[in-house]
Structure formats: C-alpha cells, structure tokens
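Chemist: Here the protein sequences come in this chain order: A and B.
Position one of the first sequence corresponds to residue 1 (our numbering), numbered consecutively onward.
Position one of the second sequence corresponds to residue 1 (our numbering), numbered consecutively onward.
A couple of the hints might just be wrong.
[Stated by the list, open to error] Okay, the calculated beta carbon distance ranges per label pair:
id: 1; chain 1: A; residue 1: TYR530; chain 2: B; residue 2: GLY79; range: 48 to 54 Å
id: 2; chain 1: B; residue 1: SER246; chain 2: A; residue 2: PRO476; range: 37 to 43 Å
id: 3; chain 1: B; residue 1: LEU112; chain 2: A; residue 2: ALA522; range: 40 to 46 Å
id: 4; chain 1: B; residue 1: GLU117; chain 2: A; residue 2: ARG463; range: 18 to 24 Å
id: 5; chain 1: A; residue 1: ARG445; chain 2: B; residue 2: GLY27; range: 29 to 35 Å
id: 6; chain 1: A; residue 1: ARG463; chain 2: B; residue 2: GLN234; range: 38 to 44 Å
id: 7; chain 1: A; residue 1: ALA522; chain 2: B; residue 2: GLU117; range: 53 to 59 Å
id: 8; chain 1: A; residue 1: TYR375; chain 2: B; residue 2: GLN227; range: 22 to 28 Å
id: 9; chain 1: B; residue 1: ALA186; chain 2: A; residue 2: TYR375; range: 49 to 55 Å
Everything labelled a hint here was simulated from the structure, so no lab data went into it.
From a predicted model like this one, the values you see are computed outputs, not experimental measurements.
Note that CB positions come from ideal geometry on N, CA and C, so glycine has one too.
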Amino acid sequence: MLGYRCSTTLGSPTPPGVPKRLRRGIVAQLFVLVMLGATLAPANVVAAPSPISVITPGHLVWGGDQEGGGPYVYPAEDDPSRVIGFEVELADKLAAYVGLRAAFFQGQWDKMPELLRTRKCDIVLNGYEWVPARLEMMEASIPYYVYGLQLLVRAEGDIRSWVDLEHDGPSGKRRVGVLGGSAAEKYVAGRLGGRVDIASYDGSTDAMREVETNKLDATVQDAPAAIFYRSRFPGLRAVEGPVGRGYYVVYARKGDTALVHALNEALSQLIERGELETLYRAYGIWDDAQRELYDIARAGKFYGYRAPAVEARTADGAESATRSVALGARKHGLDVLVAYGPILIQSAGLTLLLSCLSFPLAVMGGLLIALGRLYGPRWLRGALAMYVEFLRGTPVMLQLYFIFFFLPEIGIAVPAFSTAILGLSINYSAYESEIYRAGLMAVPRGQMEAALALGMSRMLALRRIIVPQAMRIVVPPVVNDFIALFKDTSVCSVVTLVELTKRFSVLSQSTQSTAELMLLTAVLYLLMSYPLSLLSRRLEIGLAPVAA
Amino acid sequence: MIDIRGLYKRHGSLDILRDLSFSVEQGEVAAIIGPSGGGKSTLLRCINGLERFERGQIRVGDDILTADASAKTRSRLLGSIRKRVGFVFQQFNLFPHLDAIGNVIEAPVHVLGKSREAAIFEAEQLLGKVGLSDKLRSFSHELSGGQQQRVAIARALAMQPDVLLLDEPTSALDPLMASEVMSVIADLARGGQTMIVVTHQLCLVKAVASTVHVFAEGRRAEHGPTQAVFANPQHETTRAFLRKLSEG
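Produce the complete structure using the sequences and hints provided.
Modeler: This is the structure in structure tokens:
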C-alpha cells in the first residue's frame, strides 16, 4: 500500500501492485526534496487529447476515504492493500465508459472538495450528497444512489421510534452519534437539535460500537452503512425505515462540464441497463427508493429533491442477488495479526520514512536558526525570533494544510510526500532551534574566547569548538523530540498520506477488530521509538562529559 | 614589540584603565602586579581584542589597533594580531571535547593550515616540553588543574606566538600544581620567549620577570627592572602591596 500511496501522492496515481514504481516514486520525491527550491514543482497540469481533461493521462483519478468504510470504499479482507466497495466498482465502470482507467486517490473525507479544487483528483465519488451549496464550488453529476438515514439503537433498549429519542432517558438527554460533517449530522441537528446531545465521529462504525456498548443511545447512519455492518453489530436494531432521502452524486471540478456530461451519460446507461441495480443488490443496498434512479436516467437530468413516490423501505427481504458482497466474520486474536500485520508494517514504514527524512532537516534548520539568533546580525535575530514564535504557536496540521491546499492557489503545487517532509521539518526546526539555543548558551564563554585568542574566526570557532560541545548537551532533548516526531507524523493524513495511525483507523473502521489492531499499532510505534531511546542513552554515556 | 599609548577603558561608570601607557620589547618578560581591580587583566584582554577600549592605541609589531577602527579594520587587525599573540587563561579554557593533542593542533591545522601530521608531531614535542608526554590522549576532565594549564600553554605555543600573554596562570591552582606551571613558564623565559604575565605570585615574578609594572586604579604606578623595583619601591602602593604579598 505504501507504494501505491507514494505514487498517488506524486500526482500520478497508479493501480496497486507496481512495486518498481514505489521505489522510483520515493527516489523521485527525495530528489525533488533535495533540490531546494525545486521542492515547489509546477502544478501538474496535463491536457488529455480527449475533450475530457484529467490530471493524469489515461486515468480517471477518483477521490475517496477508505476510513469511511463499507460498503463504499474499504480495504479488502483478503488483501487490505486493495480497496473494494460498490463505489470502487462504480468508478471502474464509469472510467471504462469514458475510456479511462480508474485510479483511487486516498484523501480525508472532509477535505475532498479541496483535493478536487487543487487538482489532486478528477472527481469525488464517496457518498457525497447532492447539496445546493456545493454546486457553487463543484459540478455535480446525476445521482448514482438514493440514500436514506437509518436510526440504529440497542436491540434491548427502550427506544422504539424517532419520537422516543426526544424524551430524556434515565441519565438525561439522549446521546446520538453521527458521522461528522455528514447529512445525518445535519438531519439530526435539524430534527432533534437541542433535545438530544449530538456526538460526531470520524467513521461510521465507531458510533455503532458506542451504541452497542451503551455509551450512546442511538446513531443515525446512511442506510448503506447501516445495512452493510448489520452482521458486525448484532446488538443493534434498526428503528423505523430510512428517513431524510438524499442523493449521492459524483462531483467534478467547476468548469469540467465535458467530464460531467460524460459521467451523466455513463450513469444513465448503467442505470438503464440494470448494471447499477445488479451492483447494489450484490452489496445488499438496493431498495425501492432506488427506482427513482430510472426516472432520473430517462430524463438524463437531475433537478434536485422531490417528494418520494414510494415510501422507502429497508433492503430487508430484497430479491436474492446473483452475486453477494458481504462482510466475513469479525476476525479475532492472531487472525488479525496475520491478516493486517503486513499492511500495518508497511504503513509503519511510511511513518519511519517521514520521520527519518524530516528530522535531520529539522535539526539542521534548527541549528542554523539558533546560530542566527545568537550570532547573526540584529535584523536576522528579530526575523528568526518571529519565525520561531510563529511556527511554535500554530498547529503543524494547519501548516501542512497551508502548504498542500493553499500554495497551489498561487501556482505552487507541492506533492503530498514533500509537503509532509517540508511541513514536519519546518515545524520541528522551530523546536530544535530553541533546544540548540539553550545548548549553545550553555557552552562557557571562555570557550569562545579561547578559540578567538587562538586566531580563529567567529565562524570557525562556532563550527569547531562551540557547536560540537552544544551538540553533546542537546542530545537527550533532541532525541526526545525525534520520538515525539514519530508520533506527530500521524497528522500527515490530512495531506492524504496513509501512515500508521491513519491505517489503524481505516482498518479499525472497516473490520471492528479494534482492540487487536490498537495493540499491534502501539507495538509498532514502540518498536520504532524504543531503539531511539536506547541510542540516546548510549550517546549520553559515550560522549565525553563537558567539563567547565 | 608591543606599545600601548593613552589607553582608556570604561565599564559602565567605572574607569578601569585611565590613560595607560605600556611597552614590551622583544625577549622581555614583563610582570604586571598590583591590587585586584587595577586593570591588569583588562589590559591583557584589550591587547588581543577580547575587550574593546574607548581611547588610545595598541601597537603589536606593525599592526596598530585604535579605539575608533571600523569593524572591518578591527577584525582584519585582530586576525593578524591574534595569530602572533598567544593567550593563557586563569581558568585554562581547554576544549573539553578534544584530547590534549587535539587541543594543541586545533589552531595550527584550522587557522594556519598546517598538515595534521606536522601539527601532531609539533604538538607531541610541545606537550613533552611541558612534561605531559604521557597525557597526549587525555581529555581535560582526566587532567589535574596544573596539567590542564600546561596543555593550555602548549596550545598557545603551538601558534609560535611572538608574545605570550598569561592572565594569572597559577591563581586557580594549589601550590604544588602552581609550581609545576611556574617551572614551565621559567623554562620559556630562559628560552627567550617574550611574555607579559599578570600575577599575584611574587616568586613567579622574581623567577621570570625582567621588568615589573605595578598597576593601581587603572594607571601604572611604578615600573622598572625587577630587582630595582623590589629593592627600592618608590610608590606607596607598591610598598603596601609588596608588604601584603610577603605576609600572605
């Protein structure tokens, strides 16, 4: 998966299973990074010969977040490095129709519009609802799914209807869990706002588990997720039918009308030919509400919401499908290790790579900043002090976000991997500089005087006498920061990198084997950071003590 | 060799040096004595630019450093002066991350551009000369104070300085270690090394100094050949000071 990630971050997504590309991808990125100034490569704008313009010739790059889970896009159980789901299959069909190959692009779900706008992907196809406000920024296709929202509660609980939710339970207001930023959140806020406590989650199944373990009273989920994960949460019960009808559509960049027309044509065809129905039946998510798709396909247009012709029912008792895609049993214990260990280790590799590349840069940067602040001209001291305060005072996530999503606005596109390295090293350079400043100041004044008295220039004295001594003083805090950086790499998921923590969340959302995965992830982090602690201790002992 | 005229040095509202003049000829060993706060160490530190002064001039060989020299001129002059003027500190200031040899070869290799091999060869000679042939690879924390100060002297000598400035070289040492260092300085004096020694130790003055300069309150109260000054001190400060030192 690492290779896949890295190549996608280059802006040239490739299907998984191309290990050679992985190396070349990383080497290329490193090269790009080393060439200072060249870090900011020009935006990858390539016009395809066809009227449909895509960012990578021959590929339709579609954005989604596998953390959202099944049945949309989720890691395959037999090979977690591969994504499956009805949207994966739909993307393949759509891409084939317009003569392209579908390439999945992993990004954070709530960042999809930005990823689209900054040309990281061609379309967003990930349970994104048709919302009038979004049409101002993106082009929407006709719907590919008519969804409802399903209320789920504990099977043996006392909630039997939506109305029951409005009445306080034994411990006050009912707590309802929803996917943050989703239509369900808006719906619940609109219908029950004030009368219930709403808790938002990053994935659907977290909230389902919380209901099962009694921490939440209920959760409202898009019907496909509720249906798909039914078998994993036997303690849950669906209450009433789906409510709050909405439409999943494909979004494209504003102005990409040729692409949207082609997608509409493809969708109409898939609907008319019954291919979509077959696909949805396979995932168990076909219901009567989907019949509206036929009307839309015949019209070839979509005007927005209308009153439901048929009251929606759940897919329970739907006709048997020729093919069935369902979840296997939840894995436990060693099975989890065997099934997901390798991919977690791969993601740990990315974590390791990010840390090991960005930290040396941070240390070098920090040293230069500290020297500039202590020995540089007055104007430089002021500027560097501001630089340090600014970087320490703002979250690293915001800085990554700025590099990845804002710089492209002014024509500077930085690939995800380089963004991560750049962002982490710049952020950490501020912290390292403060450590070095303390270290440099701890070297007795007589050392500089002795060096100057021997005829050394200030520069030479710093390089040969002061810095080597400061280094020894700062080893423990610097190693400590390195360990902290290891864990901070997890914020890189905002710039679409799937490092260890993001991988954990993706797998946990889709497999529910959370306890085992958590343990594995923790062990991997420990395996990476503990040797550093040992190294630090050895360095402390090994280095000659600094006597005054 | 060194000629200082009308030197003024102020620290805050305190006048440390007041119109001080002073000179040393080649081969001369000048001892500066006098009560603490008389400006002795400050004078040494002004000569090699570790401290600035407000008025006057310092000539070392052909280089003339004035109080109002531009930053560029000052740094050029100091570069030239420091290569020819060695400095030995009261607190030794050995480089703790380098061993004895490393301390001694640092400047010859990185300032003079000597080859490492040549510098090491010379360093071994110098460390032998100060009696530390068996401590070539020792770090400062493995050496006694007296040994550290002898390494520091070898380090200064490695630059083959025209003049060696010693700022209270034995004050941080107990009597036994001080005498080790004194005998090294006496050897240097016999070898014709030009030196200025700031000290409180009368025996060191008597053993090595050809001239004595008594500083008091930022001025030179009295100076002359060592025996003449000690036999017949003219100034009251000198008499009081000598009395006090011989009692202590």
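Chemist: Hints numbered earlier in the text: which of these fail when held up against the supplied structure?
Modeler: 2, 3, 6, 8, 9
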